[in-house]
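Peer 1: The lines below spell out each chain.
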Amino acid sequence: MTKLDAKIPEGSLAEKWTKYRSSVSLVNPANKRNLEVVIVGSGLAGASAAASLAELGYKVKVFCFQDSPRRAHSIAAQGGINAAKNYQNDGDSTFRLFYDTIKGGDYRAREANVHRLAEVSSNIIDQCVAQGVPFAREYGGLLSNRSFGGTQVQRTFYAAGQTGQQLLLGAYSALQRQVGMGNVELFTRHEMLDVVVVDGKARGIIARDLVSGELERHFGHAVLLCTGGYGNVFYLSTNAMGSNVTAAWKAHKKGAYFANPCYTQIHPTCIPVSGDHQSKLTLMSESLRNDGRIWVPKKKDDPRKANEIPEDERDYYLERRYPAFGNLVPRDIASRAAKERCDAGYGVGTSKMAVYLDFAAAIIRYGKAEANKRNIHHASDEEIQLMGKEVVNEKYGNLFDMYKQITGEDPYELPMRIYPAVHYTMGGLWVDYNLMTTVPGLYALGEANFSDHGANRLGASALMQGLADGYFVIPYTIGAYLASEIRTPALSTDSEVFVNAEKAVKEQIDKLMNIRGTKSVDYFHKKLGLIMWDQCGMARNEAGLKMAIADIQALRKEFWSDVRIPGEANNLNPELEKAGRVADFLELGELMCKDALDRQESCGGHFREEYQTEDGEALRDDEKFAYVAAWEFKGESQFELHKEELKFENIKIAQRSYK
Amino acid sequence: MEGNLNLTLKIWRQKNAQTAGKFETYQVSGISEDMSFLEMIDVLNNRLIEEGDDPVAFDHDCREGICGMCSMYINGRPHGPNKGVTTCQLHMRSFSDGQTITIEPWRAEAFPVIKDLVVNRSAFDRIIAAGGFISVNTGNAQDANSLPIPKDDADEAFAAAACIGCGACVAACKNASAMLFTSAKISQLALLPQGQAERSKRAEAMVAQMDEEGFGACSNTGACEAECPKGISIENIARMNREYFSSVFTSK
Chain A
1478 MTKLDAKIPE GSLAEKWTKY RSSVSLVNPA NKRNLEVVIV GSGLAGASAA ASLAELGYKV
1538 KVFCFQDSPR RAHSIAAQGG INAAKNYQND GDSTFRLFYD TIKGGDYRAR EANVHRLAEV
1598 SSNIIDQCVA QGVPFAREYG GLLSNRSFGG TQVQRTFYAA GQTGQQLLLG AYSALQRQVG
1658 MGNVELFTRH EMLDVVVVDG KARGIIARDL VSGELERHFG HAVLLCTGGY GNVFYLSTNA
1718 MGSNVTAAWK AHKKGAYFAN PCYTQIHPTC IPVSGDHQSK LTLMSESLRN DGRIWVPKKK
1778 DDPRKANEIP EDERDYYLER RYPAFGNLVP RDIASRAAKE RCDAGYGVGT SKMAVYLDFA
1838 AAIIRYGKAE ANKRNIHHAS DEEIQLMGKE VVNEKYGNLF DMYKQITGED PYELPMRIYP
1898 AVHYTMGGLW VDYNLMTTVP GLYALGEANF SDHGANRLGA SALMQGLADG YFVIPYTIGA
1958 YLASEIRTPA LSTDSEVFVN AEKAVKEQID KLMNIRGTKS VDYFHKKLGL IMWDQCGMAR
2018 NEAGLKMAIA DIQALRKEFW SDVRIPGEAN NLNPELEKAG RVADFLELGE LMCKDALDRQ
2078 ESCGGHFREE YQTEDGEALR DDEKFAYVAA WEFKGESQFE LHKEELKFEN IKIAQRSYK
Chain B
486 MEGNLNLTLK IWRQKNAQTA GKFETYQVSG ISEDMSFLEM IDVLNNRLIE EGDDPVAFDH
546 DCREGICGMC SMYINGRPHG PNKGVTTCQL HMRSFSDGQT ITIEPWRAEA FPVIKDLVVN
606 RSAFDRIIAA GGFISVNTGN AQDANSLPIP KDDADEAFAA AACIGCGACV AACKNASAML
666 FTSAKISQLA LLPQGQAERS KRAEAMVAQM DEEGFGACSN TGACEAECPK GISIENIARM
726 NREYFSSVFT SK
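Residue numbers (our numbering), protein chains in the order written: chain A, 1478 to 2136; chain B, 486 to 737.
These aren't lab readings, by the way, just hints derived from the structure by calculation. Even glycine gets a Cβ: it sits at the ideal position worked out from N, Cα and C. Heads up, a few of these hints could be off.
[Claimed, not checked] Coverage of chain B stretches by chain A, computed from C-beta distances (three or more under 8 angstroms per stretch; other residues unrestricted): (1) 535-548; (2) 552-558; (3) 619-625; (4) 673-685.
[Unchecked claim] Below are the EDC-like pairs computed for lysine to aspartate or glutamate, each with C-alpha atoms no more than 16 angstroms apart in a straight line: (5) A:1996 with B:538; (6) A:1562 with B:628; (7) A:2124 with A:1588; (8) A:2055 with B:539; (9) B:500 with A:2045; (10) A:1776 with A:1788.
This is chain B alone, in the form it adopts within the complex (with noise of 0.2 angstroms):
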């Protein structure tokens, strides 16, 4: 017992994407505000491994809010109640004693469940394989400060370069929407001298591969942006609606 807040947990708990799943209600007690969520729910698996039930499965790994690997879908919200921040740097100080907590997985076709709160994101993965690089080998680059970059552009490419892949984005969208993550790479690359020549290549390939995948179209309700756990700004769809149409409209 470190703390004082008990909780109700209802937690989704599917055995593999094959079987159906369904929410099971667990009690904590004894939590401290100290703890970050995911500890919360170490506490709550410690038992469940010592009472021979099988713990709750949840992907996690830096614990810092950056390797973008934690995915939880708290009380309705992506990462939980609080903005500009991941689930395993959310802290039980934001949770009241006596609360009702509901968890569960990233919900969208094209990231189908595993194990209970894990999901499978590889859709990302090939989002990027289709285009998000600029194509340089190893070892033929000039001078790093042979091509000065305006500092405000850089910034920009950096803002969007801060995405961590959660995919926060699709879950908090109502289409299951993959265009922030796919604009933000493409907005970053955009933004700078280097990613210029391929370009429009670029846009074209990233967004048919993301229609390819199963994710939806825009809402325009901007639920991504606020739920973002990086703050990676909206207008990059814009951007990326831009890339995508100019290179659409003039290809040969």
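Isolated chain A, as found in the complex (with noise of 0.2 angstroms):
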């Protein structure tokens, strides 16, 4: 085991981001033209990353799987944004926003960078209002901000329920533009299947056009993942149909540690589960929490429609257990909270595996406000109820018309029912303060590293990371590398070492339509995403995660005996891309579990049935397991822990408490 140097800068903690400024190496203009950048991803990190750079001078290349950069799933992030700018006046500030980020993670998250991260967290928001972002606003023309979970103050910034959207727009303008400018190549349909090391260094990487399935060899100076979590290992989640691993994973057998693997988040509020048919669930945004309440009946399997069960015979289990942050908790109390009361048999619906988030108190409480606002003195029930579903509508609107899609049921009458899902993975590529993996050259942003949210992550901070990551650190620490690479000339990728990589890719996908088997990619896929809810989910213990890696290693098997491939490698064939990906699932899921059976203690996502307080809170061992897991890739289900000790410098570790 080797120790970890994360490279944190001198100096006090609110010095070190400035300093480091200061001191990094530069590269001159000219040089910068003569250096390669690849970058892979296309969503907030991705785009943010390649138009700053690209406007910095560098030559830029961007590769996505989706046929065009505006559909990376960062599009798909609802709630907002956070920010410490204090436009309410209600007391943030950079410390603060820090603060509640090191807390909500559990303190399982590095000082340093998290820090950073709220430094440039007010940066982010100016850029894009000056990209033309169109946030919403109050009447007197300035910002508006809502509160999010693990918070008192309000300092979220957002776009209806459409924030990802909007915030990813801008990015992708931005990139456009440099794209229009030739600054930046662009290859859409295009997925990462390796990278290419030379004498340790990343030096490029191999990707299949998707469309003609040939297989391409890129070279760059520097190559940075921009892509994503890898959420879909459980199947079911809120991610994209297409959102994977393969790219981080190809990285991790190349040389890159992976950390913390099995911090995933589980968002409470999803639309539940239909039936088999699944192929993905819907988040409804955690911005539905400073509205909604969160509710079950008092009584065991309540027959009763919501609507007809008394206001005393309601649980509102979030407001009695957390007064103090109510159903603003972080996300993985919210979740195991619902879980809990479904389990102990106070879920609602058919499948009895769903809470009430209910909009009623809301809307009366909007509709009298609206009243007073207009000067109506006698307002009929009707017209309040009226005015406040316009109210509630202004707010929510996009989100209670997907509801309405996807259950034909609508949420302005009922109370939404809702339940956990697999959402955002905390866990990835393990990073230096550079944003630099352990293969020197190679760097990982936004959802793919792992840095900045420790073992749970607060909402609306998702957007934050990415776009500080590429807007704001990555044109800095990029420097520090490439500073010393000016002297390398590109490389030929007719060279060995390129020719060798692209063969490896080629064998690969030869093996996998060569086997010929009887079952789809997605019966394999629904097995794995079935036993890592199960085992490796909201809650984990010894014997199942033991289990668990049984299961996946027969499966992982079975896989590479029996799985069908229809169709030619020559031509578009999303078969074979997803096979590609479930394969790579297959060993991540195995890592996860292992990542999950290590770490004995319970930590903001990560929840082992052992270690509990008698109220059922997460119970961390801060003397055995204050440290990042950094996993090495050693050979098929062989890996080595590497740790880098968490030291908290500036923050007094406590026992988390939302009550």
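Both chains are sitting in their own frames, so use the hints and assemble them into the complex.
Peer 2: Now the structure itself:
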């Protein structure tokens, strides 16, 4: 086991980033023109990094598997983006955002990175507004804010329930501007299938043109993986269908350590599963918990409809258990609380695996406020309802429409039924302060890295991190590496190492195509998902994890002998694409279970049943586990653990309390 | 068997851009009303794979109506029969037992077919690259609240910015015009103070690119607005025309 060096700059926490920026090596403009950067993924992290690096003068290539960079799954983020602007004058500050993030992450994130994130958060909002991102505004023309879980200030900026869309389109526009100027070369419908490592440094990638099936070799002085998270290992998640771990996993097998793979976020408010046909799950934004109240009946197996259950027979269990934060406790806590109620027999709906998210009280509250505003003194109940619904529609209209579309029920009239679902992965490729992985020249940004959210991410912080990494961190930190690469000429892609890398990828594809088994890729993916959800989901224990590891190994073996991929490899073949991704999930899943087994404590989204307080809260073990678990790939089913000690010098580490 | 809908599907099959395509007919049974339209296609594809046939290729990703990737022309309408809904959010409760459903790709010269129901929409990316942005490099922005923007303007800009770039407007138009798409971006930026500096240049450049891509002229029938899953208003086209002509007539 080697000790990992996170390369955290010297100095006090608040000065580290400022000092670093003033002293990091620079690359002069003439040299930037000769330095090539390959960026994989075009979401918030990838698009913002690509635009910013191209503006600086680097030669950039961007790859995405979708038909346009604008489709990346950042587009689906709903609720908002945090920033320590303190526009509401409610006591927010850089330190408070830093503190909330560390605490929300259950003290398993790196202080220096999180503080830098909080520092640049304000710049992100400025940058996005300058790009024309239409954030929600007050009548005075200033920006509007709302609350998110795990905080007591209003620091979340938003654009209805489509904040991710608007931020991504801003970054996409900036990227397309650079494409138009010839500074970025864009490769859509391309999937990265390996990293090319030369003399220990990342020097490019092998990508497959998904339309022609041809393999391509691309050189880069540095390679940035901005490829998102791996929630689809569970099959059912709020991720897009194509979201995958392949780029990160290939990098892992080429020497990049994978950190905290067991930290997955189960989001408390998603539309419940409706049947075996289900292909994905849909999130209902956390912002709904600003106004919606979560409850279940006080009576077990209550057969009555929601509207027939009187107020005093409802259990608003989050408000009951966590009076200080109420419905706005962090996601891991809200999810476990929902599971606890459903497991205890208080669930609702046909499956009994759901709880209510109710807007009736909010509609009346807003309706009365509107009546006051409009000077209507004796408004009838109907008028109040109507005005209240108008306000709710303005705040959450698109979410309500989506709910109705999917379930066929009208959430303005009936409470929503919700249940937790896999949403985000805090784990990812291990990176140092520069966002560089353990392979020199190979970087990971956004959800693909592990660094900022510890064991649980707070709502509206993913967008913040993706854009911080791309707009404001990598443009500086990449200089630290590239300044020493100015004498490295572009390597010919006809060189042996590129040719061999391509050959290895081709062999893997041929191997998959030649199995010609009997079962579809989805068959294996669904099976893997069930194992992961049952044994490595919201609650985990030793016996279950051990069983899961054996089951996954057996399933992987079956996959490699019995999967059926129709069609050919030399044209558009979505089944072949899926097969490659599922093959990687089948390896990652095992590592996740291994990591979960190894971490004999509960923290954030990682809940080991053996380690809990008397009232069922996560019980950390800071003596033994205040470290980042970074795994090195050593061959099939073999991973070596390396530890990065987490030092908390600016925060007093404590049992998390939201009571 | 999860449900009780039995359907006949007539689906456009085309191997690639070079090969001629044709309709194939398939029967599916036991479809649940709670399935999304794409999940119904998943059922068909799984069966085709089991039977050793090539599954139907179609674009999709987020399956929650926001990425703009799904693109089927269902019974003569982009994204099917419901208003304000993408194909991935269309659910089978909108269909009845025994119904025949015809499924085609977007049809437009500027959107060549790649395979089956998958088309190439990269023309949209090039229109944005021509001018769909505000030229501000990272790191130069002033404080966000130093520029108050009237709420109504911000709301209107947001309504235009809600476009998901799916191309339903082009597919709906008998001239395969991309005016609704292009005008939505021009409008968003024209409505905001940040967009003023490049206002006329932007309109000219984006319209020129749109024409170069081979999209047709506006048919003035409003089909684009009627079929847009995000309710993008046709008023944006009027605004784009004003932007464009004022730019052309005042250019030096």
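Peer 1: Take the hints in turn and mark each one as holding or not.
Peer 2: Status of the hints after comparison with the structure:
1. 535-548: Three-residue rule met by the stretch 535-548 of chain B, so holds; n is 11.
2. 552-558: With 3 residues close enough to chain A, the hint holds.
3. 619-625: Holds: 7 residues of the stretch 619-625 of chain B have a Cβ under 8 angstroms from chain A.
4. 673-685: Coverage by chain A holds here, the residue count being 5 at a Cβ distance below 8 angstroms.
5. A:1996 with B:538: holds, 13 angstroms
6. A:1562 with B:628: OK: residue 1562 of chain A and residue 628 of chain B at ~10 angstroms, within 16 angstroms.
7. A:2124 with A:1588: Cα-Cα ~8 angstroms, so holds.
8. A:2055 with B:539: holds, 15 angstroms
9. B:500 with A:2045: The given pair, whose Cα atoms are some 11 angstroms apart, holds under the 16 angstroms limit.
10. A:1776 with A:1788: holds, 13 angstroms
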